[in-house]
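What the sequence shown shows, in the UniProt record's numbering, is residues 1 to 483, in sequence order.
What the hints contain is simulated information worked out from the structure, not anything from laboratory work.
As the structure is a computational prediction, the values presented were derived from the model and not from experiment.
Each residue gets a CB set at the ideal place from its N, CA and C atoms; glycine is no exception.
Errors might be hidden in some of the hints.
[Said to hold, decoys possible] Listed next, with one range per pair, are the computed distances between beta-carbon atoms: (1) D335 to T144: 41 to 49 Å; (2) K257 to A51: 44 to 52 Å; (3) K257 to A66: 31 to 39 Å; (4) L381 to A48: 27 to 35 Å; (5) A17 to T64: 29 to 37 Å; (6) K353 to T236: 52 to 60 Å; (7) D234 to T64: 28 to 36 Å.
[Said to hold, decoys possible] Derived BS3-like pairs (lysine-lysine); straight-line CA-CA distance at most 30 Å: (8) K292 to K353; (9) K374 to K91; (10) K353 to K334; (11) K16 to K353; (12) K353 to K374.
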Amino acid sequence: MHDQTIAELSRGLADKAFSCEELTRHYLERIQRLDTAYNSFISVTADAALARARAADAERAAGTAAPLCGIPIAHKDIFCTRGQRTSCGSKMLDNFVPPYNAKVIDNFDNAGCVSLGKTNMDEFAMGSSNENSFYGPVKNPWATDSVPGGSSGGSAACVAARLAPAATATDTGGSIRQPASHCGVTGLKPTYGRVSRWGMIAFASSLDQGGIITRTAEDAALLLAVMAGFDARDSTSVERPVPDYTEHLSDSIEGLKIGVPAEYFGAGLDAGVGAAVEAAIEQYEALGAQIKTISLPHSNLAVPAYYVIAPAECSANLSRFDGVRYGYRCDNPKDLADLYKRSRGEGFGAEVKRRILVGTYALSAGYYDAYYNKAQQVRRLIKQDFVTAFTEVDVVLGPTAPAPAFRFGAKSDDPVAMYLEDIYTTPVNLAGLPGLSLPCGQVAGKPVGLQLIGNYFEEARLLNIAHQFQLATGHHLQAPQGI
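Working from the sequences, and respecting the hints, build out all of it.
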């Protein structure tokens, strides 16, 4: 059963080929048996999952079930879940049990999906390798000596290892697409405001966006229909109808105009990754698409702008974790100042502290205009580059990451080298656009991701373009050895 996609599992449940409980038990058994090698889960909620599966079987028997009723799914441990620990990969929230659900969790619960547990992640979603989790690093199922990417590395790894058919994830600067690339799965970051951020623990509020990691674009279309929608409790949520994302999956892409940024194929791009992307471009030409070289002239400024804006917002958002209201509190503080200092010093990891310090500095008197305000001006230029590009082309195509997954520790002592892992993904978040990564080949046995970037709220088009590529190729069908 674990070799089937969500679309196939849904049909199997409808045809009574297996029950929701049988399907859930199958995945729980795989997690228990295999995840010690990957560390992709922080918490596994077996009892609650089986209870929900039995309820889903009852709904299917009564004929009241929604199409995805009984489908197992994993959730990134950044989404608040009522009555279940939600740690955000941090010691700071190791004992935090929310009294409410995130909107995304409610949406999947209402659709009848079965939650298997919460996936591992970089602490507070800060990282590109999943080496920053309080619960230890996640290992890439394709090469366990290598990182799965971050911050949604647990979600990507568990889908790649067939421990769950899909997992929710979040993307602040590439945290869905980059791990999807490294783990050979499909990752979708929707337009900013398309998915509610209510109950999603904040890192950088103007950049964070919930999304999904699946094996196929078709599955991503099915699940985005569940996730998307307006939420009055989220001031950044966009009040816009949710389309049927599967309606146009089979449409021809004959005549589609694909823009390929010249800036994405220069120094820093691994030769093997470049070759795999070039082969994908040729495949799209064979499918009838028109390829045009375009320019995104400010793309080289995306990483420095991002690593001013994101830490600044992180500094503000994480000020609430002070040892007073909830979360980690140090033992026997001498006074209030000692409580603040030691609770934050002991509760946060090194990367989170680094970003808080950078962000606080950028927002401080005398430096706000020189750094934060200037970064926001650059952000506007990056957005305008995409606006101009979409007057000429329908979609932008390029690599997701500059190289395949790297080995653990290879970039731990060089934060700048680590930050450059996000060189192709951060512009999408700065502009608020939708982006999708799908497998397009391998280099030395490790997956390579192809990134598609669409205009605002054109997720359906991205999914159609990705689906047509997957129908014509078999990269998404590849699985790690032994899976």
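Checked hints:
1. D335 to T144: 41 to 49 Å: For T144 against D335, whose Cβ atoms are near 46 Å apart, the range 41 to 49 Å holds.
2. K257 to A51: 44 to 52 Å: Holds: the Cβ-Cβ distance is about 50 Å, inside 44 to 52 Å.
3. K257 to A66: 31 to 39 Å: holds, 37 Å
4. L381 to A48: 27 to 35 Å: violated, 48 Å
5. A17 to T64: 29 to 37 Å: violated, 20 Å
6. K353 to T236: 52 to 60 Å: Violated: the Cβ-Cβ distance is about 27 Å, outside 52 to 60 Å.
7. D234 to T64: 28 to 36 Å: For D234 and T64 the Cβ distance comes to about 29 Å; the hint holds.
8. K292 to K353: violated, 43 Å
9. K374 to K91: violated, 34 Å
10. K353 to K334: Holds - the C-alpha atoms of K334 and K353 are around 22 Å apart, at most 30 Å.
11. K16 to K353: violated, 51 Å
12. K353 to K374: holds, 23 Å
When the structure is compared with the earlier hints, violations turn up for hints 4, 5, 6, 8, 9, 11 and for no others.
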